[in-house]
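**Q** Here is how the chains run, residue by residue.
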Amino acid sequence: MLFFCVLAALIVCDATGCIDSYVTQILMYIGINIILTASLNLVNGYMGEFSVGHAAFMAVGAYAASFFSLSVLPHSPVFFPLSLVAGGIAAGIVGLCVAIPAFKARDDYLAIITLALLMIVKSVFENLPWFGGPQGYAGIHKYTNLSWVFVFTVATVLVIRNLVYSNFGRGIIAVRDDEIAANLVSVNTKYVKILAFVISSFFAGIAGGLFAHLIQFINPRTFSLVKSTDILLMLYLGGSGSLIGSILGASIWTVLLELLRFLGIWRFVVAPVALIVLMIYRPLGIMGGKELRFFRPRDDGKAKP
Amino acid sequence: MSHDAPNNPLLCITGLTHSFGGLMAVSDFNLSIDQGDIWGVIGPNGAGKTTVFNLMTGVYRPDKGTVLLGDEDITGLPSHTVVAKGISRTFQNIRLFKSMSVLDNLRTGAYCRLGYPLFGALARTKSFNRMERDLTARAIALCETFGISDRLHEPAASLPYGMQRKVELGRALISGPRVLLLDEPGAGLNPSELDGLTRLIRNVQRDFGVTIVLIEHRMQLVMDLCDHVKVLNFGQTIFSGPPQGLSADDIVVKAYFGENDETSLN
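Protein chains in written order, with this note's numbering: chain A, 1 to 305; chain B, 1 to 266.
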């Protein structure tokens, strides 16, 4: 209900342009960052692994979605969600290809493997002739608007919530707590790990598509380690293992970087210092793994009445 | 389930052998258990008792030998499949999912019993809701039997040691196993808790109809509970029979207390 009211309001805003375009821009960034953070949360928070390759999946999604909207589907905003989903699926497939070998390793090794992936994806897009190479992929239509960002943000949070509070989610969290014991109480650990990773990369791809159709120009350098680090920062700022944490972390970080714009280049010093201070005084992030009642399914943990 | 004839055991292990590098951890281990029995596996530290459990539950693949559950060969199956077939276990040093609530620990134990597809979970379908509700009801009922239902929503790590053992037992039982493997259930319990545990295991065996194999160092528990005992030493089986025969057996006494070396006594 609330969802449809907000959506209706946003469609009106998009149509009339009644919100200042700068504010609109920030709001869309917040939405995209929430999708990125919440999806990374699935792997780094709930599953307790450490992936630094989220920007790579975002890149795959951005390029694939742009390719679909420019060269495959008719040029019309109506087909925009289709190209987004295509971007998500492309990122999911790359995620699957990485997950199968990567989860033979653990901890630090997964970080190294995803770091390698990040470099591979960046150089592939730099060297492929079709997407403008290092000059970047230009001419993307501006299809991203508040309504689409809102719809996909809500969808992401909802899917991840429903996943986490289910048999699969319990399996994912069990892997974090004790993988061997999880396997010995019947959790198919290999399957849940790959599942979490693929879903996480799928939504990173969606976010990439939204991002590409917002700034209308992407190049391989956009999706560097710095981008991954940004997402990691938002995740740990809000507190990993909590959806409301991801939402808060993404919102606060995005707004903070904008508010500090008057500092010029210094904001890239001030913001990380703020983060370090937070880590010292609240090492588990703002939410510390706690979850708002709103994000727990109502009947979770209740028997038949 | 009908009573199996004595020549058709529920769990039948033959010639189980496993070595780590040059160390023979378990050699030619045989075990044949009838429905409803309680077996004890004892032996000094490093005798290969836990390795036997690990071989049965797919943690390691045995070098040689077979494990039959009913008529089915389950040798070397992956762990999660073994549980689905009906063998659950607990651990020597409790391995709960520490950050999860007691309820979620139990529900995770039934991972293999929930048949809804991924889509069911994401779309919260009717069958998803029904299966989750049934499972939750069963988990709560188990907690009530074990007297831990007032701690249902607390993180498992916050419970006292004895209760954690019960959570682990509940987590092993919720998948509805036919065989329950208990790895040192009495470790770290005081004598009065040990009595409680003896009663609990008896009740579990009666109420859940499970067949139990337990590894234990506390002889009191073994004597009170077990119908049969196997003694391992350096991977070899050195005794097999009713627990009353233990103290009379020379080799067992030697393995536990050492040779009666008269020269060193003088």
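In short, the hints are calculated from the structure, not lab data.
Take the hints with a grain of salt, since some may be wrong.
[Stated by the list, open to error] Partial list, derived from the structure: chain A residues whose beta carbon lies under 10 Å from chain B:
#: 1; residue: L7
#: 2; residue: A9
#: 3; residue: I11
#: 4; residue: A116
#: 5; residue: R170
#: 6; residue: G171
#: 7; residue: A181
#: 8; residue: K190
[What the hints assert, rightly or not] Label pairs and their in silico Cβ distance ranges:
#: 9; chain 1: B; residue 1: D207; chain 2: A; residue 2: M119; range: 41 to 47 Å
#: 10; chain 1: B; residue 1: N190; chain 2: A; residue 2: L284; range: 31 to 37 Å
#: 11; chain 1: A; residue 1: S76; chain 2: B; residue 2: K126; range: 24 to 30 Å
#: 12; chain 1: A; residue 1: A116; chain 2: B; residue 2: S19; range: 34 to 40 Å
#: 13; chain 1: B; residue 1: S127; chain 2: A; residue 2: M119; range: 25 to 31 Å
#: 14; chain 1: A; residue 1: V226; chain 2: B; residue 2: T66; range: 53 to 59 Å
#: 15; chain 1: B; residue 1: T66; chain 2: A; residue 2: D108; range: 36 to 42 Å
#: 16; chain 1: B; residue 1: A187; chain 2: A; residue 2: L263; range: 58 to 64 Å
#: 17; chain 1: B; residue 1: P78; chain 2: A; residue 2: A155; range: 32 to 38 Å
#: 18; chain 1: B; residue 1: S127; chain 2: A; residue 2: L2; range: 25 to 31 Å
#: 19; chain 1: A; residue 1: A105; chain 2: B; residue 2: S158; range: 28 to 34 Å
Values in this document were obtained by computation on a predicted structure and should not be read as measured data.
Glycine included, each C-beta is placed from N, C-alpha and C at the ideal position.
**Q** Which of the stated hints cannot be reconciled with the structure, identified by number in ascending sequence?
**A** 1, 2, 3, 4, 9, 11 and 13
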